[in-house]
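Going down the list, the protein sequences come from chains W and Y. Residue 211 is where the first sequence starts when you use the numbering used here, and the numbers rise one by one after that. Residue 211 is where the second sequence starts when you use the numbering used here, and the numbers rise one by one after that.
Bear in mind the hints are in silico, worked out from the structure with no lab data behind them. Heads up, a few of these hints could be off.
Any copy will do: because identical chains look the same in the list, a pair fits if it lies in one copy or spans two.
[As the list claims (entries may be wrong)] In silico DMTMM-like pairs for lysine to aspartate or glutamate, Cα to Cα no more than 20 Å straight-line: (1) K361 to E395; (2) K524 to D346; (3) K506 to D351; (4) K231 to E421; (5) K299 to E215; (6) K524 to E469; (7) K231 to D427.
None of the values given here were measured: they were computed from a predicted structure.
2 protein chains.
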Amino acid sequence: MRISEPTLLINKSKVEKNIDKMIGRAKKCDTIFRPHFKTHQSIAIGEVFREKGVDKITVSSVAMAEFFAEAGWGDITIAFPLNLAELDKIYALAKKINLNILVDSLYSINFLSKYITHSLGVFIKIDIGYHRCGLDFDNEDIMKIIDTINKHKHLFFCGFLGHAGQNYNARGKHEIEQNVLRAIEQFEDLRKKFPGALISWGDTPSCSISENLGYFDELRPGNFVYYDVMQYHIGSCDMEEIAVTVLCPVVSVNVSRSELVIYGGSVHLSKEFIAADNNFKLFGYVTRFENNKCGKPLPGTYVSSLSQEHGIIKMPQELIRTFNPGDIIGILPIHSCLSANLLKNNMIIR
Amino acid sequence: MRISEPTLLINKSKVEKNIDKMIGRAKKCDTIFRPHFKTHQSIAIGEVFREKGVDKITVSSVAMAEFFAEAGWGDITIAFPLNLAELDKIYALAKKINLNILVDSLYSINFLSKYITHSLGVFIKIDIGYHRCGLDFDNEDIMKIIDTINKHKHLFFCGFLGHAGQNYNARGKHEIEQNVLRAIEQFEDLRKKFPGALISWGDTPSCSISENLGYFDELRPGNFVYYDVMQYHIGSCDMEEIAVTVLCPVVSVNVSRSELVIYGGSVHLSKEFIAADNNFKLFGYVTRFENNKCGKPLPGTYVSSLSQEHGIIKMPQELIRTFNPGDIIGILPIHSCLSANLLKNNMIIR
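Excised from the complex, chain W in its bound form (with noise of 0.2 Å):
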């Protein structure tokens, strides 16, 4: 493997023990797993999860959807409000595969059900405590939005969707518990009125660690197949399940500073990071690379700033000397989703 430029590396037989885990969770809760494709927006890894049995999957936006309908995929919820700006884009593809899309309001369903003339499937989005999109539990026109689909012959409705972005900024298993069983006492309304209606939920860090995902009916988790820092510091996952490592060429040393620069920056890894006191940002851990492997993050060693193309890493002073221009190192990336967007043009799989 010669690495010149920056390179997302993704470990496969680790891509396949997250993937395993997760159908395993997915199984035993006795739910659908429709896992999001937003993380690797990769044919050949989608191909992975499609050798294990999956063959209903998540995006996030109309152009991801027709990319894995291209590729095969017939079965695609796009998790993102409705954009009415691609209509167009959304009955053709609902000519082509089951599609469903998510809705949050009055206004988008009205100009939707005017013009549809094949069938589509309909998530209402519900806002469980994210703060992002979607309607609250209580909401009045919840009840209109699926008046409108049911008088609609070709709109179907699928549920309630939601996604619990504020495990994001949870940490440890407790307090993201706390948010699943909240939201599962608010879903309890619409579950009763609506009994037939899906409750579809999705984020990594709950469907990593909660126990209670036996109260919904699909889930749509997407950064496990990667994992990242950020979720080592939720208390996703572990340090070695994160299958994914951008490779950067060192590019300068500088002994009296103890720093290395890289080329590998802002264009590659993103601006991501985590902050601590003391004006300290992590933009990435740091692992030797060599024999074609990624070794284990290395001690006080982490990515302290990124320019357009250049990284810094600080490194103690007994470690600094061991490297040269010309060396490869990898970075374990903040957030896996980014890096990977970044580098889906530069990627490889073994």
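Based on the hints, put chain Y in the right spot on chain W.
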């Protein structure tokens, strides 16, 4: 103009004004103008420079040098520490065009000088206070590197190159001018010792407003072609000079929270933000987009958070009711280099 997904809109007349102004500043100082093309990475924007007589450019990666060489640019400096893992590509480029590279270590120049078989210009990177890479002004290796260059028939010593990245943390003209004057003072020794060497300087804040650029032999600003909200906050530009907007569809209107949800997230705008007290984060300003034109930034309105594909816009109650799903709005990005990189395949110039 029909916009259905996040799209980079470039205002060509503003781009021309920004370029004209910077060419004027360089001419007044009688310095070489070698603009950095990493911001736009666009053949079409490159042509705007070419039409105005620019024939020397700067890039930040070998891949970018290859891209612009392919488009007919024949004099390129790769202003990034020499990546020894890409020497084969550098040699191939050096055969075709006038290529200059950057070194900041004896290790790299020794490695390079063993194999190079075609003319290559070499700048020595000096750390002028940003502490990202480069040698200190008084580092003894500078003399040794120049000796190595001078002994090699294919290597040519161009001079010293600095990047005052600290100006991105400065606010206002006074602070920037202090950084420039400090660097000039420190360059004096090198200027006396190596009278024929160019002193190459480049960052958009100082190139936009310093009155002491005449000291330098070459200017390499890049961001000025578009500017952005960060540059506005630094004091490098007026709001009206920002030549780039990311057009995004509105997908959800939350009246009670005074928020819009847009299709436009960190994979379109990047995670770059400006932070202030009380946990305030600014990911971009917001304009209307009507009759194919962006208006002025809306008062009290800004992008407050970004997920992968979602953006949240906070907006006063009196404005929120004037928007519906399906409307298109414009975002003035925090860091145009990163947004332009993410949207380089989805860009309109007009």
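20 Å Cα cut-off: does K231 pair with E421 within a copy, between copies, both or neither? within (14 Å within a copy, 62 Å between copies)
Give the relationship of K524 and D346 under a CA distance limit of 20 Å: within one copy only, between copies only, both, or neither. Result: close only across copies, 19 Å inter versus 45 Å intra.
Within, between, both or neither, where K299 and E215 count as close if Cα-Cα is 20 Å or less: Classified as between: cross-chain Cα gap 11 Å, same-chain 36 Å, threshold 20 Å.
When no copy is named, should K361 and E395 be tagged within, between, both, or neither for a Cα gap of at most 20 Å? neither (30 Å within a copy, 77 Å between copies)
Could you place K231 and D427 in one of the four classes (within, between, both, neither) given a Cα distance threshold of 20 Å? within (18 Å within a copy, 61 Å between copies)
Within a copy, between copies, both or neither: where do K524 and E469 come within 20 Å Cα-Cα? For K524 and E469, only the intra-copy Cα distance (5 Å) is at most 20 Å; the inter-copy one is 39 Å.
Is it within a copy, between copies, both, or neither that the alpha carbon of K506 lies no farther than 20 Å from that of D351? neither (52 Å within a copy, 34 Å between copies)
Going down the numbered hints, you'll see the structure goes against 1 and 3, while the others check out.
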